[in-house]
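Following the hints, complete the assembly by docking chain B onto the known chain E.
Below, each chain spelled out in residue letters.
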Amino acid sequence: MPIRHVDKFIEAYLDNQLSPKIQLQVENHLQECPLCTDHLYEAKRLRRELGPVLRLTLGQPTPPSRLHMEVKQALQEQAARPWFRINWVAPIRVFGAVGNMALMAALAFGAFVVIRGYIPGAALIYNLPTDVSSRVAPLSVQLVSTPILMIDNAAKDPNSQIPKAGSGRNKLGDTLNLPNALGGPVVTAKSTPVARATVTEGNDQQNGYSSSINSGRDRPAGNPGSLKLPGGTIAYALYDPTPGIEAFRTYFISPDGKDLRQYPLIDVSEPALSPMANNEYPLAVRTWEEKSHPRTILTTDFSSHDQTAVANYWEDAQADWSPIENRIIFASQRESDRIWRLYTAWGDGSREDNLFREGQSPTFAPDGQRFAFESCDKYGTSCGLWRGHLYDSSESGYYQILEERSAKSPDWSPVGEKIVYMANPNNNWDLFMVNSDGSDMQQLTEDPAIDGLPAWSPDGEWVAFISNRGDEWGLWILHVASGKLHQTIAFNNGYLIPEDRRPYNEHGKRSWLDEQISWSNN
Amino acid sequence: MCNKDVNKEVNENVIIARWQAGDQDAFDELYHLHAQAIYRLGWAMLQQSQAAEDVVQETFLRAYKARHRFDPARASFGTWLYQIALNYCRSHLRRKRLLTIPWLRQSEDAPDLPDTRPGPESHTLRSEYRRMLWDAVQGLSEPLKEVVTLHYYMELPAVEIAVLLECPEGTVYSRLHNARRRLAEMLTAQGLTAPEILEAQNAH
Chain E
331 MPIRHVDKFI EAYLDNQLSP KIQLQVENHL QECPLCTDHL YEAKRLRREL
381 GPVLRLTLGQ PTPPSRLHME VKQALQEQAA RPWFRINWVA PIRVFGAVGN
431 MALMAALAFG AFVVIRGYIP GAALIYNLPT DVSSRVAPLS VQLVSTPILM
481 IDNAAKDPNS QIPKAGSGRN KLGDTLNLPN ALGGPVVTAK STPVARATVT
531 EGNDQQNGYS SSINSGRDRP AGNPGSLKLP GGTIAYALYD PTPGIEAFRT
581 YFISPDGKDL RQYPLIDVSE PALSPMANNE YPLAVRTWEE KSHPRTILTT
631 DFSSHDQTAV ANYWEDAQAD WSPIENRIIF ASQRESDRIW RLYTAWGDGS
681 REDNLFREGQ SPTFAPDGQR FAFESCDKYG TSCGLWRGHL YDSSESGYYQ
731 ILEERSAKSP DWSPVGEKIV YMANPNNNWD LFMVNSDGSD MQQLTEDPAI
781 DGLPAWSPDG EWVAFISNRG DEWGLWILHV ASGKLHQTIA FNNGYLIPED
831 RRPYNEHGKR SWLDEQISWS NN
Chain B
-12 MCNKDVNKEV NENVIIARWQ AGDQDAFDEL YHLHAQAIYR LGWAMLQQSQ
38 AAEDVVQETF LRAYKARHRF DPARASFGTW LYQIALNYCR SHLRRKRLLT
88 IPWLRQSEDA PDLPDTRPGP ESHTLRSEYR RMLWDAVQGL SEPLKEVVTL
138 HYYMELPAVE IAVLLECPEG TVYSRLHNAR RRLAEMLTAQ GLTAPEILEA
188 QNAH
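Protein chains in written order, with our numbering: chain E, 331 to 852; chain B, -12 to 191.
Honestly, the hints are just simulated from the structure, not real lab data. Please note that a few of the clues may not be correct.
[As the list claims (entries may be wrong)] Think about it this way: if two alpha-carbon atoms lie no more than 20 Å apart in a straight line, the pair counts; the simulated EDC-like pairs of lysine to aspartate or glutamate are:
| # | chain 1 | residue 1 | chain 2 | residue 2 |
| --- | --- | --- | --- | --- |
| 1 | B | K132 | B | E142 |
| 2 | B | K132 | E | E372 |
| 3 | B | K52 | E | D337 |
| 4 | E | K338 | B | E172 |
| 5 | E | K402 | B | D10 |
| 6 | E | K374 | E | D337 |
| 7 | B | K83 | B | D41 |
| 8 | B | K132 | B | E153 |
| 9 | E | K402 | B | D12 |
| 10 | B | K52 | E | E400 |
| 11 | E | K351 | B | E156 |
[What the hints assert, rightly or not] Negatives, chain E to chain B, calculated, CB over 12 Å:
| # | residue |
| --- | --- |
| 12 | R334 |
| 13 | E357 |
| 14 | R396 |
| 15 | L557 |
| 16 | K558 |
| 17 | G561 |
| 18 | P594 |
| 19 | K708 |
| 20 | D722 |
| 21 | S766 |
| 22 | P778 |
| 23 | S812 |
| 24 | E836 |
[Claimed, not checked] Simulated coverage check for chain B against chain E, where a stretch passes if three residues somewhere in it have a Cβ under 8 Å from a Cβ of chain E:
| # | region |
| --- | --- |
| 25 | 11 to 18 |
| 26 | 27 to 37 |
| 27 | 131 to 145 |
We treat Cβ as the ideally placed atom computed from N, Cα and C, and that holds for glycine.
Chain E on its own, in the form it takes in the complex:
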């Protein structure tokens, strides 16, 4: 086959790295083509010049001799503290920056007080918003009884829906906007008395499920039924369309809905909490905003001061933590064909591995070596849930658990072989459960409402999921053995999917199915 132009082969040609056949074709072509010959001369010239220019400008520096002892000392300190690495320089820089900002804020505040003679106070806000909206279906929501103490930095905004200082507690049904995370701290007030909240019904007699939601401190102990609600933290993300914010926010909530916190980093979603205790990096999130963070998957502690980019591409998504080591598995559309593929990376960002497998929504098994994911066979005809092994990337290392084209968002139980997933075989998303060998498939929910994005509880007895039961989108938990349901929170001012604009839809419109929630003991 004749070669049209050989420009792209020139570098390899000059390095003698072409196969003899291609090399001959390149040489023949060069004899005929003045354009490519020009490029060859240009490449030779740059080769001749680039090395000397770089060496001349950069020099050939050597490290100072003291560096050896400094590194050795740092290594010894690290060896003495294997789990905690303290970078003394970073906090000093941060404190310096924070100090500067605090000083400026204090000056601005002082000027404001002098000019206006007005000091906004701190307000106790109860009853987080209602009014959920979602692009998936029209929603209206009532409920929520989560107390949040926040500094009312919206008090000076006449249009703010957050009550002004001194206006008392919110009443049930008040619609509030969550505060801008960057504008003020949000702290929990677990023991604060809570106004009695609404009852939201999610009864579904047809399936024998009943949910009696009675939030607030008057909640009878052990509700629902006689079951004790589980512990831990559930993380989820919602899009806040408030003008000027227009970004994802990530929340942590206790399964009983009483303790809601907002993660301070804004415009991050797809949270994954690590199941490992004493983990250096308990949270992985996907970041969207390029200006303030590297746009990829970040691992971080809850204080968000030490964020580590574990991957390199903004298409990296859907992280899940290994239960046994500081490692995540994730999916990415980073290749130019935009096909989802699977990768793993260490939580400290030290290394990333391509699993060379097409797939999405990976989830680790309790052994930290096997994982489940959604994918198809190589012909694209048999799609569903698959199982893989980290250390066996051969074709035989993969096993199709289930053939169900609509199966999505699998989550492998932290304590066993059960995998929960969502599917819409009858044009309605419900939750299902299957053993990792494909046996014993069970339907967990059968409700006309949408149920999706399931996540196991750390003890493997409950499943958290997103649902629009009772026409309100919210976070629910389901006791698998008994079928008891409990609504943890109704979403209020959050969308499940973002505005139809960049950066959320660069490779197709982002769907709520692309989100994920996570539940851990942390």
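What follows is chain B alone, placed relative to chain E:
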């Protein structure tokens, strides 16, 4: 020669095994073998002596932390260290880009490079060409600049760069190719056309 290389590799493997087992003396030997190359990589990528020292320190710290994950079957120890150093440089550059607020900028952010721009007395076409070439390299995108630095300054062969960047060798060549096209474009945009370059070359 070949035997020497094999012996060297065997020796290094012994040292690495001792280091993985926690032998501090082994670290000294590894430091002498690799610190200079890592320092130069850090220097070339970040162009600040303090930052290059940080690269060396952080690379050895991270390598020590992940020492049990080093797999000699995948890459040589030197390449593995380069990988860690390069990742650190990338995150350092990313962090630097975040610091767009003027008062957060540290004075050390300015490159420590000596001013090698020629004075009027040495203002020749060739030195002018070299200056423009340096500026053009600085104007390349990160991936291209990385490959150019590794290939032309660190003098690593394409096959080793491919292992280091975890990409196919063809990708390295394609990046070198793109870098060359881009550099040629930038030099042309600067008004340095081929005849002038030829003249510059003929003059020296």
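Hint check:
1. With a C-alpha separation of about 14 Å, the suggested pair K132(B) and E142(B) falls inside the 20 Å cut-off, and the hint holds.
2. Of the pairs offered as hints, the one joining K132(B) and E372(E) holds, with about 18 Å between alpha carbons and a cut-off of 20 Å not exceeded.
3. Simply put, K52(B) and D337(E) have alpha-carbon atoms about 44 Å apart, too far for the 20 Å limit, and the pair is violated.
4. As the CA atoms of K338(E) and E172(B) are separated by approximately 16 Å, the hinted pair is consistent with the 20 Å bound.
5. Between K402(E) and D10(B), the direct Cα distance comes to roughly 12 Å. Compliance with the 20 Å bound is thereby established for this hinted pair.
6. Taken as a hint, the K374(E) and D337(E) pair is honoured in the structure, with Cα atoms around 13 Å apart against an allowance of 20 Å.
7. Restraint check: the Cα-Cα separation between K83(B) and D41(B) comes to about 14 Å, which is no more than 20 Å; the hinted pair holds.
8. Restraint check for K132(B) and E153(B): satisfied, since their Cα atoms lie roughly 16 Å apart, inside the 20 Å limit.
9. Straight-line distance between C-alpha atoms of K402(E) and D12(B) comes to about 10 Å, which keeps the hinted pair within the 20 Å bound.
10. Between K52(B) and E400(E) the CA atoms are separated by roughly 17 Å; this keeps the pair inside 20 Å, and the hint holds.
11. Pair hint K351(E) plus E156(B) holds up; C-alpha atoms about 18 Å apart against a cutoff of 20 Å.
12. Interface exclusion of R334(E) from chain B stands, the closest Cβ pair being 15 Å apart, more than 12 Å.
13. No beta-carbon of chain B is positioned within 12 Å of the beta-carbon of E357(E); the least distance is around 17 Å.
14. Not every C-beta of chain B lies more than 12 Å from that of R396(E), the closest at about 9 Å, which undercuts listing it as non-interface.
15. L557(E), annotated as away from the interface, keeps every beta carbon of chain B farther than 12 Å; the closest lies near 43 Å.
16. For K558(E), the non-interface assignment is confirmed: its Cβ lies about 40 Å from the closest Cβ of chain B, beyond the 12 Å cut-off.
17. No Cβ of chain B approaches the Cβ of G561(E) within 12 Å, the least distance being about 32 Å, so the stated non-interface status holds.
18. Every Cβ of chain B is farther than 12 Å from the Cβ of P594(E); the closest lies at roughly 16 Å, confirming the non-interface assignment.
19. The claim that K708(E) lies off the interface holds: its Cβ sits roughly 20 Å from the closest Cβ of chain B, which is beyond the 12 Å cut-off.
20. Listed as a non-interface residue, D722(E) keeps its Cβ farther than 12 Å from every Cβ of chain B; the least gap is roughly 16 Å.
21. Once the 12 Å rule is applied to beta carbons, S766(E) is consistent with being away from chain B; the minimum gap is 27 Å.
22. At roughly 47 Å, the least C-beta separation between P778(E) and chain B is larger than 12 Å, which holds for a residue marked as non-interface.
23. Listed as outside the interface, S812(E) is consistent with that label: its C-beta sits roughly 44 Å from the nearest C-beta of chain B, beyond the 12 Å cut-off.
24. Once the 12 Å rule is applied to beta carbons, E836(E) is consistent with being away from chain B; the minimum gap is 18 Å.
25. With 4 residues carrying a beta carbon less than 8 Å from a beta carbon of chain E, the region 11 to 18 of chain B meets the three-residue requirement, and the given coverage holds.
26. Requiring three or more residues with a Cβ within less than 8 Å of a Cβ of chain E, the coverage given for the region 27 to 37 of chain B holds, as 5 such residues are present.
27. Look at the region 131 to 145 of chain B against chain E: 7 of its residues bring a Cβ nearer than 8 Å to a Cβ of that chain, three or more, so the hint holds.
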